[in-house]
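Asker: Residue numbers (my numbering), protein chains in the order written: chain A, 1 to 483; chain F, 1 to 245.
None of these hints come from the bench; they were simulated from the model.
It cannot be assumed that every hint is accurate.
Once the Cα atoms are required to be at most 20 Å apart in a straight line, the calculated SDA-like pairs of lysine to any residue come out as [stated by the list, open to error]:
1) A:Lys480 with F:Glu25
2) F:Lys174 with A:Arg34
3) F:Lys22 with A:Arg34
4) A:Lys306 with F:Leu129
5) A:Lys480 with F:Glu239
Small disclaimer: the values here were computed from a predicted structure and weren't measured.
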Amino acid sequence: MSETGVHSSAIHERAQKAMGDAHLQEAYRSSTLRLYSHRLHAIGQVPGFEPLRERARELKREVMNHLDVYLAQFADSVEREGGKVHWARTAEEACSIVKEIVKRAGADEVVKSKSMVGEEIELNHALEAAGIDPIETDLGEMIVQLSGERPAHIVAPAIHKTRHDVSDLFVEKLHSERTEDPEQLTAIARKTLREIFARAGVGVSGANFAVAETGTIVTIENEGNIRLCTTAPRVHVALVGIEKIIPRFSDLGVFLRLLGRSATGQKLTSYTSILTGPRRLGEDGPDEMHVVLIDNGRTGALADEKMREALYCIRCGACLNTCPVYRKIGGHAYGWVYSGPIGALITPQFVGINQARELPFASSLCGACREVCPVKINIPDLLLHLRGNAQERVPATHHAGEVVSERKGMRLWAWAMKRPWLFSLGGAAARFGIRWLPSAGGNGAQKWISRLPFYPFSNWTRGRDFPAPDPVPFRKRWEKLSS
Amino acid sequence: MANKSPKVALFITCLGDQFYPKVGESVVRILRRVGATVTFNPQQTCCGQPAFNTGFRDEAREVAVRNLDLFEDADYVVAPSGSCSTMFRVFYPELFEHEPELLQKAERLRGRFYEFSEFLVKVMKTEDLGASFPHRVAYHDSCHLLRELGVETEPRKLIKAVKGLELVDLQDNKVCCGFGGTFSVKFPDVSVAMARDKLRAATDAGAEYLVANDAGCLMHLAGYIHREKLPIQTLHLAELLERHE
C-alpha cells in the first residue's frame, strides 16, 4: 500500500531525513549526474537545439492559450477514430471512471504502465479499495509499488534505489534468488510480468502527447511494457492530463526530438507508440480504447495568466537532474508525486498553496532548471511569483526562536531601509551587540560569530560562521575616499 | 565616452556597505584608475531583494522605488554584485510592470546599470589592471550574474590578466553554491551541503583562493570555510585586482 495524501508541508523534516542518509545521497548523486551528463552529450549533437526549444515553447503557448478549442478538437478526433472520451474534473472522478470501465470489462486486475497522472490521482489506491489488483509493469514503478512508495523522480521512479536495494526487495517480495546483476534483476521482473500480460483484460497507460488533429495518443518508453499494456489487453484506458495536447501530428517531431534527449539523453527511446483508436477489423490491438481527460487543478493554473506557463511542461525530468536542491533532498521530500523544481511549481497549483506553502521556497533560484527545460519554462521567476502568493494567502508557520513573524520582520526591515540614518544606526547597533555573541575567532581583520540568536539568523550558524560587520562601514569610508 | 571621464555612481549594496567596505574602496580606486569619476549617494541602502526573494513584493517595492531616483546625475551605475545588479536590471521592471511612470524610470536605469566586472570589460574596455598574484585561483560563477545577466567571460578576462595567477577549472562550475538569499536560512542544511560541494570542487582543483563577485555567495562560502577550517580563502574580484604580490 503506497502512502496517500499530500505531505508537502513536511518538506523540512523529509529533507532533513534524506540528507542524513548517506546511502540515499549517493544514489541521488550518481543517478542525477548520469542523466545530466547523458542529456548534455545528446543535445550537443543536435544543431539547432535552441530553435527547437523555441518552437516547442511556441506550440505549447498556443495550446494553453486556446486549450478549450484544442481539447474539443482532440475529443472529436478520438471519437471519430472509434475511441471513447471521458472527462474528469477531479482525481476522484477519474478513478471512478477507470473503476467503472474495469468492472464493465469483468476484470479484477489491470496492467499499468508508468503514468505520473495515474500516481497523481492515486489510481492504485482507488482500484485496490474496489477489489481490483493494479499491477505496475514499468520496472521502476514495479519497484516503487513493491516497496510501498511513491515515485522519487518524474522519469526514473526508483532513482533512489540502488541495485542492492532492488535485490533485497525482490528477494523479500518476489522470493527470487539473490542477484545484483541488473540484467538478471530485469529478467526476474520480466518473468513475473509476462504471465500477467498474457491474461490481463485491461491495460492502463498514461500519455506523453495527445494530438488534437488526429486523436492520437503517443507514448515513449524503453522497456516495451507500455506497448504490451496498450495493445495486449482487450481494453485500453489512457489517462491524459489536459495539458498534454499538441496541435498537429506534424508537431510531434519537434517534441519527440526534445523529450528523449532531455529526459535520458536518448535520440529516441526504444519504443514510440502511436495509438489512434481501437483496433480495426483484421488488426491486432484492443477492442476498446478509452481516453480519460483529467483536470485535477490544471484549469486553476490555466486561469492565472502568469502561472499558465507551468503547464507547458512535458515531464522530461531534466530540471530535477540539474537541480542542486533536488540532488540533496531527493524526490520524496517534496511530499507529493511531482518533485524537483517543476514539482515545487505545479504541486502548489494542483493541490492548493495551503497544502504546499513551503515548496516554492525550496529553491536557491539558481536558474539551472530554466537552462535545461526543453520548453524554456521560466521556473525561478514563477517560483518567485508563487512565493508572493504564499506570503499573501497562507500565514507562515511559527518557528522556535522566532521573535517577530516573517511578515512583521520584513515590514520592519522595509521601514528601516527607507531611512538611511536608521540603516546606519542598525549597523552601529549590530556592531555594538555582537560583542556579547559567541566568537569563533578571526582570520586577520575579520571576526567571526559562531552562534547567532533568534530565528531565522540562528539557522545561518547551524553549519557556518557569520562574519562580524566591518568596524567602519563604507559610507564612513567614503568621506575619506572623496576628499 | 572616450574623450570625457564617465560619471559613475556606485551602488555599494547593503552587504557591501556593512560587511565588505574594503571591497567598495577597491572598486572606487579601480574605477578611478580606468578614468571614471565616481560618485556615492549616501541616501542608498538596499536594492530590496531580501523581501522580493521571500515573496514580499510590497515591501520590496517600497524599498526599490527610492532607488529609481538616486542616480539621476550619473552616466552609469555600478555595483560590485551580480545579484543586486540583477535586482535592478531584471526584477525592477517586473516589480513596476503595472506602474507606467515608474516602469519607465526602471527601464532607463536598467540601461545604464552594470555589474563591476561587466562595466570594466564592456564599457571601459579594460582587462589588464596591472595586478599580480602568483597563486592558484578558481572563479565561482554566481547564479544571477551568470544566468540572469549572462556575464561569464568578463570576470575571467580580468582574472586571466593578473600576472602570475593560475586560473584553475572548477568542476561543476555552474552549480549554485547554496546561498540563494533567504534560502540560506530557510533550508540551512541544504544550503551548507551545497557550499561543501562547491568548496570541495575548489580544493580538489588545488585552488588557494576562490574568487566571486557577490557578497552573498562570499559570506556564505567564507562562513563555511571558517567553521570547517578549510585550506582555502575567498576574495572578491575587486580585491584581487588590487593585489600586487
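Asker: Does the structure break any of the earlier hints, and which numbers would those be?
Answerer: 3 and 4
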